[in-house]
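> Construct the complete structure from the given sequences, taking the supplied hints into account.
Chains as they are written, first to last, in the numbering used here: chain A, 1 to 270; chain B, 1 to 326.
Think of the hints as simulated: they come from the structure by calculation, not from any bench.
Please read these numbers as outputs of a predicted model, since none were measured by experiment.
Think of the CB as a built atom: it goes at the ideal place given N, C-alpha and C, for glycine as much as any other residue.
A couple of the hints might just be wrong.
[Stated by the list, open to error] Calculated Cβ distances over 10 angstroms to all of chain A for the following chain B residues: (1) Glu3; (2) Ser14; (3) Val22; (4) Thr61; (5) Gln97; (6) Ser150; (7) Arg172; (8) His211; (9) Ile215; (10) Gly291; (11) Phe295.
[Unchecked claim] Listed below are the simulated DSSO-like cross-link pairs for lysine-lysine, each with C-alpha atoms no more than 30 angstroms apart in a straight line: (12) B:Lys224 / A:Lys103; (13) B:Lys224 / B:Lys171; (14) B:Lys110 / A:Lys32.
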Amino acid sequence: MTALSIALPARRPRQYRQLRYALVLAKRNMIKIIRAPEQLIDVTLQPIIFLLLFYYVFGGAFGGGGFATRHDYLEFLLPGLLGQTLAMSSIAIGQNMNADIEKGVFDRFRSLPIGRAVPLVGAVLAEFFRYLMVCVISIGFGYILGFRIHTNLLGLLGAVGLSICFALAFAWVSVWVGMKVRSAGSVQGLMMLLVLPLSFGSNTFVPVTTMPGWLQAFVNVNPISHLVSAVRGLLLGGPVASDVGWTFAWIAGLLAVFFPLALRAYIRRT
Amino acid sequence: MTELAIEATGLTKSFGQTKALVGVDLAARRGSVLGVLGPNGAGKTTAVRILATLLRADAGTARVNGFDVRQRPNDVRASIGLTGQFASVDEDLTGTQNLVMIGQLLDLTKRAARQRAAELLEWFDLSEAASKVAKTYSGGMRRRLDLAASLVGRPQVIFLDEPTTGLDPAKREDMWDVVRSLVGDGSTVLLTTQYLEEADALADEITVINHGRVIAHDTPHGLKRVVGGQRLTVRAVDPARRGDLLRVLGDVAGLDERAPETDGRGTVTVGVDGDDVLPDVVARLRAAGIGVEEFSLHLPSLDEVFFTLTGTRSGSDARKAEEVAA
Chain A
1 MTALSIALPA RRPRQYRQLR YALVLAKRNM IKIIRAPEQL IDVTLQPIIF LLLFYYVFGG
61 AFGGGGFATR HDYLEFLLPG LLGQTLAMSS IAIGQNMNAD IEKGVFDRFR SLPIGRAVPL
121 VGAVLAEFFR YLMVCVISIG FGYILGFRIH TNLLGLLGAV GLSICFALAF AWVSVWVGMK
181 VRSAGSVQGL MMLLVLPLSF GSNTFVPVTT MPGWLQAFVN VNPISHLVSA VRGLLLGGPV
241 ASDVGWTFAW IAGLLAVFFP LALRAYIRRT
Chain B
1 MTELAIEATG LTKSFGQTKA LVGVDLAARR GSVLGVLGPN GAGKTTAVRI LATLLRADAG
61 TARVNGFDVR QRPNDVRASI GLTGQFASVD EDLTGTQNLV MIGQLLDLTK RAARQRAAEL
121 LEWFDLSEAA SKVAKTYSGG MRRRLDLAAS LVGRPQVIFL DEPTTGLDPA KREDMWDVVR
181 SLVGDGSTVL LTTQYLEEAD ALADEITVIN HGRVIAHDTP HGLKRVVGGQ RLTVRAVDPA
241 RRGDLLRVLG DVAGLDERAP ETDGRGTVTV GVDGDDVLPD VVARLRAAGI GVEEFSLHLP
301 SLDEVFFTLT GTRSGSDARK AEEVAA
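Spelled out as structure tokens, the structure:
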């Protein structure tokens with residue numbers, strides 16, 4: 001038997017092939033995640049710890065303040081924490097890509113007749129499952145603490161779907177930073193500078209009406225605030241159209257700006 | 001389609017202040033092996049990366065399998081296989097997963113990709129390690145998996161960038177056999193190497209580059225004629241007999257331009273025309289009563305080739321260039 005003389009085997013049709021390649025590479029990233037499950041701490045233990053901390057540390061104080069009971073605060077807090085945890089979970093992809101791209105296998109991808117963006121898109125698609133875990137664990141653990149969905153299954157699916165879509169778009173910021181900076185450690189530092197003000201400077205932990213006016217102005221345009229409000233509405237009831245709309249607008253905006261930036265940085269990085 | 005599978009003219013590439021390539025021409029006929037010989041930092045890898053569409057040349061043109069690397073990179077990519085100096089396999093994936101992934105990225109159905117992976121793993125003697133993670137592979141196994149990965153799509157043009165660097169001699173011979181059978185199947189191979197011996201064993205034509213410039217292009221036979229055929233290295237047991245050793249070898253080698261070279265440990269190297277002279281040398285050494293510790297016939301080293309071609313040693317310059325490149 002020789003390496004080359006065998007007849008060409010079946011080939012797949014060429015439609016949607018770039019998407020197919022991206023899914024093949026998403027699978028590669030998922031295998032890597034499964035082989036190093038400690039990488040999942042930020043989407044498994046972290047939401048639980050944050051929920052416990054904020055629920056028991058702040059819940060009591062707020063219980064006497066803006067919220068009637070600790071349970072009322074849980075209902076307010078959980079959708080907010082979901083937004084924050086997703087934003088924080090997006091840091092990992094920038095770090096991983098920063099380390100991954102130094103390895104030879106990206107030379108292999110570059111020498112194959114696949115689209116330039118495919119390795120990046122594949123890596124982001126693999127994040128879908130991590131973000132899904134954030135949603136399942138946050139809402140599941142919240143349920144144990146007494147959180148209840150006041151709407152219906154459709155509301156739950158909508159909230160989870162919107163959250164994952166937003167996180168997948170926000171991940172491109174992280175990918176871009178990962179392509180630009182030298183080390184994986186600096187991705188963490190830079191992304192924290194972005195994620196902390198975005199997640200705390202939002203309606204995640206306290207109602208926006210308690211804040212000074214200038215901060216309210218920031219909070220009201222903050223994409224995480226829109227996501228959190230939309231998720232609150234979808235899980236607990238109330239008007240959602242405007243916040244869902246704003247969240248989709250942010251998703252489109254993030255993709256339109258950071259996908260090309262990330263791709264350009266990736267292509268230049270060799 | 002042209003007669004040439006690889007055709008590059010005036011390739012120029014700088015990285016900041018470092019000039020990696022200064023107008024390199026390369027050409028390989030279909031179904032032949034082109035050896036690109038040069039020290040570390042000569043520009044070999046840069047040239048390969050340009051031809052494989054991983055890098056864009058500052059100037060010059062290149063066609064691979066008839067496609068311009070700049071205008072039709074995807075057609076080039078569909079025609080080539082690339083095996084780098086550093087194995088480009090995914091260490092977290094198994095041997096099979098690596099090859100199936102490449103197959104799927106080349107439009108094979110999952111079934112065909114699996115079949116092709118099994119075929120290649122068997123061919124490269126990796127079947128037993130097929131379901132082990134590549135991280136656990138030895139250097140030689142990783143190199144073979146890397147080569148297998150570059151052959152999944154049955155490429156017509158194969159780039160092998162120093163495929164045997166770091167391999168032990170037996171594994172190197174295996175790799176040579178692989179290259180020969182690829183060419184036997186009609187592929188064109190561009191092979192970079194630091195060893196004249198390797199280029200001599202495999203290449204139909206050899207291009208020698210140094211400091212980003214082509215300094216020679218010839219058949220192995222022609223190149224060896226220029227650099228003076230084989231070398232005979234002899235070391236006397238008693239370093240004090242070096243003078244006698246020099247005289248004996250000088251008599252045999254004869255020609256003035258191939259003056260004997262010596263080093264501090266009593267080793268003398270002379271150029272000889274072939275192994276015919278060996279009995280004569282042995283007889284003369286015995287007659288002179290010189291005990292021998294080392295006696296070897298070999299092709300000139302890269303350093304000796306460079307000395308002959310350029311009149312300067314490649315060693316120190318090459319090291320400097322390597323530091324710059326790193």
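> Are the hints correct? Go through all of them and say.
A quick look at each hint next to the structure:
1. Under the 10 angstroms C-beta cut-off, the non-interface status given to Glu3 (chain B) relative to chain A holds; the minimum distance is some 20 angstroms.
2. With a minimum CB-CB distance of about 15 angstroms to chain A, Ser14 (chain B) clears the 10 angstroms threshold, and the non-interface call stands.
3. Every CB of chain A lies more than 10 angstroms from the CB of Val22 (chain B), the least distance being 21 angstroms, so the non-interface label holds.
4. For Thr61 (chain B), the requirement that its beta carbon stay farther than 10 angstroms from each beta carbon of chain A is met, with the minimum near 19 angstroms.
5. With 10 angstroms as the threshold on Cβ separation, the claim that Gln97 (chain B) sits away from chain A is violated: the shortest Cβ distance comes to roughly 7 angstroms.
6. The claim that Ser150 (chain B) is not at the interface with chain A is violated, since a C-beta of that chain comes within 10 angstroms of its own (minimum 8 angstroms).
7. With 10 angstroms as the threshold on Cβ separation, the claim that Arg172 (chain B) sits away from chain A holds: the shortest Cβ distance comes to roughly 18 angstroms.
8. With a cut of 10 angstroms on Cβ distances, His211 (chain B) stays outside the contact zone with chain A, its closest approach being about 22 angstroms.
9. Every CB of chain A is more than 10 angstroms from the CB of Ile215 (chain B) (nearest about 28 angstroms), matching its label as outside the interface.
10. The Cβ of Gly291 (chain B) lies farther than 10 angstroms from every Cβ of chain A, with a closest approach of about 49 angstroms, so its non-interface assignment holds.
11. The non-interface label for Phe295 (chain B) is consistent with chain A: the shortest C-beta to C-beta separation is roughly 40 angstroms, beyond 10 angstroms.
12. Of the pairs offered as hints, the one joining Lys224 (chain B) and Lys103 (chain A) is violated, with about 38 angstroms between alpha carbons and a cut-off of 30 angstroms exceeded.
13. Our distance criterion of 30 angstroms between C-alpha atoms is met by Lys224 (chain B) and Lys171 (chain B), whose separation comes to about 25 angstroms.
14. For the hint pairing Lys110 (chain B) with Lys32 (chain A), the CA-to-CA distance comes to about 20 angstroms; that is within 30 angstroms, so the pair holds.
Going down the numbered hints, you'll see the structure goes against 5, 6 and 12, while the others check out.
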